[in-house]
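Protein chains: 2
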Amino acid sequence: MPTTNRQILLASRPVGEPKLSDFTIADAAMPVPSDGEVLLKMRYLSLDPYMRGRMSDAKSYAAPVPIGGVMEGGTVAEVVASNSDRFRPGDVVLSHSGWQSHAVAKAETLRKIDPSAGPISTAVGVMGMPGMTAYTGLLTIGQPKAGETVVVAAATGPVGSAVGQIAKIKGARAVGIAGGADKCKALIEEFGFDAAVDHRSPTFAADLAAACPKGIDVYFENVGGAVFDAVFPLLNFFARIPVCGLIAQYNMTELPPGPDRTSQIMRAVLTKRLNFRGFIVSDFADQSKAFFTDMSAWIREGKVKYREDIVDGLDKAPEAFIGLLKGANFGKLVVKVA
Amino acid sequence: MPTTNRQILLASRPVGEPKLSDFTIADAAMPVPSDGEVLLKMRYLSLDPYMRGRMSDAKSYAAPVPIGGVMEGGTVAEVVASNSDRFRPGDVVLSHSGWQSHAVAKAETLRKIDPSAGPISTAVGVMGMPGMTAYTGLLTIGQPKAGETVVVAAATGPVGSAVGQIAKIKGARAVGIAGGADKCKALIEEFGFDAAVDHRSPTFAADLAAACPKGIDVYFENVGGAVFDAVFPLLNFFARIPVCGLIAQYNMTELPPGPDRTSQIMRAVLTKRLNFRGFIVSDFADQSKAFFTDMSAWIREGKVKYREDIVDGLDKAPEAFIGLLKGANFGKLVVKVA
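Those protein sequences? They're chains A and B, same order as listed. Each residue of the first sequence is one higher than the one before, starting from 1 at the first, in UniProt numbering. Each residue of the second sequence is one higher than the one before, starting from 1 at the first, in UniProt numbering.
Simulated from the structure, these hints should not be mistaken for lab results. Computed from a predicted structure; not experimentally measured. Accuracy of the hints is not assured; some may be wrong.
No copy is singled out in the list; a pair is fine if it fits within one copy or between any two copies.
As the list claims (entries may be wrong) - Computed list of lysine-lysine pairs in DSSO-like fashion (alpha-carbon distance at most 27 angstroms, straight line):
hint	residue 1	residue 2
1	Lys112	Lys336
2	Lys272	Lys326
3	Lys145	Lys59
4	Lys272	Lys59
5	Lys145	Lys316
6	Lys185	Lys170
7	Lys326	Lys289
8	Lys41	Lys185
9	Lys336	Lys170
10	Lys214	Lys59
11	Lys272	Lys289
12	Lys170	Lys145
Here chain A stands alone, though its shape is the one from the complex (with noise of 0.2 angstroms):
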C-alpha cells in the first residue's frame, strides 16, 4: 500500500488547446476515510471531452475545477479500506472520483459494479455515461425512425459508435464520420455502420452528401465546427438535431470571422421546422434502468460493439487527454491508473 495519494491537478486555465504545463502531477497525503466513507484505489480514469469545460470558467451547466484542484472525472475503483456496511474491501465501484490515484469517497456517492459481467472499465464507457449519453440523446431527441438517415461524428468513440448502432437497431441508415481511413474501415466492419467519411478528405461535404442521398433525418452533434457546416445544408424538413457536445470548437478563442450565419441558421429552423435541443446524460437520469437493460442485451446479442483505447499510468493522462481532443484516440479512452 502506498503512502502518498498520486494526484493530477489543473495549474492553469487553458487559453484555447490544453499544454501539458496546465497540469501538475503532485503526491499528496493518503486520505483517510471517516464514518460512513471508504477509501478507493482507482483502476480506471475515464477521459471524455466534457472535461475541457471544466477546465475553462465560462459558465456553464457545471462548476469548474479551481485551479490547483484534482481534475474531475468518472472512475472505477476498488475499495481498499471501508467505513459502511455497503462495501467491503474488493468490492468494484464506480465512483467520480477524479484524476487521482486513490480518494475517499461517501458510501452513498458509489454504485456497486459485478465484475462477472463484462470488463469493468465498460462501467466508464459503453455500459456507462457515454453509452447513456448515446442512448437517450438518440432515442428521446433524435427518434430515429426505419428507413431514415442519422449521422453521427467522432463515430469510433465511445458515444458515436453507439449512436450509429442504436440507429441501426432501429431499423435506420447510420451514416459516420470519423478521421482518418481507419477509423472509418472500422466504423464498416466493427460497428456496422452503413457508411462512413472521412472528415480530413478535401472533399468530405461532398463526400457527406454523396453518403446521405436522401439527406439528413437526425444529426446527433457531438462535434460541431467544421462537421456541422457540411451537415447543415444536407438537413431534411422535421430533422432532429440533439447537441451533447461540440470539441470541434472547445479550444476556440475567439468567434471566426463573418458573414454572422445566425440568420441563415434560423432560417433553416423555420422553414425546415427543424428541431435543435441541448442535453447532458443527467438530464435523462431516469432512463437509466432501461438504458442499462437494452444495452446489456444489445451487447449480449452482439447487436452492439465497443472499443477501448487503454492508456496505461496515471501520469499518462494529460498527454492522453490533450490527444483526445485532436481525435488521437481510437475507441472509448480509458486510463488504466493502477
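Use these hints to put chain B onto chain A, whose structure you have.
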C-alpha cells in the same frame, strides 16, 4: 355584379423590401364555376408576414407565387353562385383565394363561417391561422408553466397578442415587445401583458433584461434580428424557442458581417439545454378542434382580446403589406375587399 375580376399579381421578385412596382393591379375575366365549384366574392383578405416568403423563390416549405400569378392569401368570402350542394349563395366561407375580388373554388376546400358567432374577419385572425399559430406553437413547443417568463415580439400583432394572453391563462408572466409607446401601452392596458418593451428604444436590450428579472423560459420567435440578439443572453436553462417567423430578416439580401456567432449559439444550446424548434401552423392541423373550442371560450370570457387593423379596398393591399413588414399596422392587418 361586376363583369371583371380585380387581381393583384406578383410583377417581380423583390430584392430586399418589396416596392409597389413589384405588384401589378389587373382586371381579369370573371371566372366561371364548374361542377362542384362555387364562385366567391371576397369580403376580407388577410395580410400576413409569411407572404414575403411566397414572393421569393428561395427554397422554403411552400412553393413561391409565380411571376404574373395572383398573390396568395387567406380570405373570407361570400358565395355568389354555387354548383355544389354544400353551399348556397349568401354563405360566408373561409377560403385561400388570394389577392383578388373574385375566385372560383372547389367546395371541399372551403369551410363555412357562422356570421352570428362574431365578426367574420376573425376567421383569418384570432379564430384563424394567426390565433392557431399562437396556440399550437406556444402550447406544444413552448409549454409555458406557471411562474415562468414568456417573451414574444410583434406583440400587438395577431400572433403575438394571442401568445401573451394564452401565456397568462397558463399562469406564466407575459412580456411583450412592440414598436412605439402606443403599442406598448396597448400591451399592458388592452392585452394584459405584465411588461412591455419598446424595440425602438436605444436602451432596448437593457430594457428587456430589466423586464425579465428571472430570465426567459419561453421565447416565441416571430421576428429574429435585433430582437433575437437581445433575447439570446437572457434565455434560461431548458428554455424553449418555438420559431414561427422571422419578419425582421425577410427583406435581408445578404448575411450580416461577422463574427460568425454559430458556435456561440450552439454552445448555448448545449450548456443551457435550449430547445429551438421551427413550425408552421399546418404541422398541428390535428389540434384545430381543441383550438376552436378553447379560443372561442377565451374570447367569450374576455380572457383573450384582439385588435384588427382594417384597410379599405383591395388596391391598397400592396401598400398595406409593405407597411406590415415595417410594423406600420396595429393589430391584425386585414383588407376589406368589398
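Status of each hint after checking the structure:
For the identical chains of this complex, Lys112 and Lys336 are intra-copy neighbours only, at 19 angstroms inside a copy versus 73 angstroms across copies, given an alpha-carbon limit of 27 angstroms. Proximity of Lys272 to Lys326 under the C-alpha cut-off of 27 angstroms is restricted to the inter-copy arrangement: shortest distance 25 angstroms between copies versus 33 angstroms within a copy. For a Cα distance limit of 27 angstroms, the shortest separation of Lys145 from Lys59 across copies, 25 angstroms, qualifies, whereas the shortest one inside one copy, 35 angstroms, does not. Taking the shortest Cα distances, Lys272 and Lys59 sit within 27 angstroms of each other only across copies (10 angstroms), while inside one copy they are farther apart (31 angstroms).
Taking identical chains as interchangeable, the C-alpha atoms of Lys145 and Lys316 are never at most 27 angstroms apart, the minima being 42 angstroms within one chain and 48 angstroms between chains. Only within a single protomer do Lys185 and Lys170 lie at most 27 angstroms apart by alpha-carbon distance; the minimum there is 22 angstroms, versus 53 angstroms between protomers. In this assembly of identical chains, the alpha carbons of Lys326 and Lys289 never lie at most 27 angstroms apart, being 33 angstroms within a copy and 54 angstroms across copies at closest. Taking identical chains as interchangeable, the C-alpha atoms of Lys41 and Lys185 are never at most 27 angstroms apart, the minima being 37 angstroms within one chain and 66 angstroms between chains.
In this homomeric assembly, Lys336 and Lys170 never come within 27 angstroms of each other (Cα to Cα): the closest approach is 34 angstroms inside a single copy and 53 angstroms across copies. In the homo-oligomer, the alpha carbons of Lys214 and Lys59 lie at most 27 angstroms apart only across protomers (17 angstroms), although the nearest pairing inside one protomer, at 38 angstroms, exceeds that limit. For the homomeric pair Lys272 and Lys289, the shortest alpha-carbon distance between copies (25 angstroms) is at most 27 angstroms, but the shortest distance inside one copy (35 angstroms) is not. Proximity of Lys170 and Lys145 under a CA criterion of 27 angstroms is satisfied intra-copy only: 7 angstroms inside one chain copy versus 33 angstroms between copies.
Checked against the numbered hints given earlier, the structure breaks hints 5, 7, 8 and 9 and satisfies all the rest.
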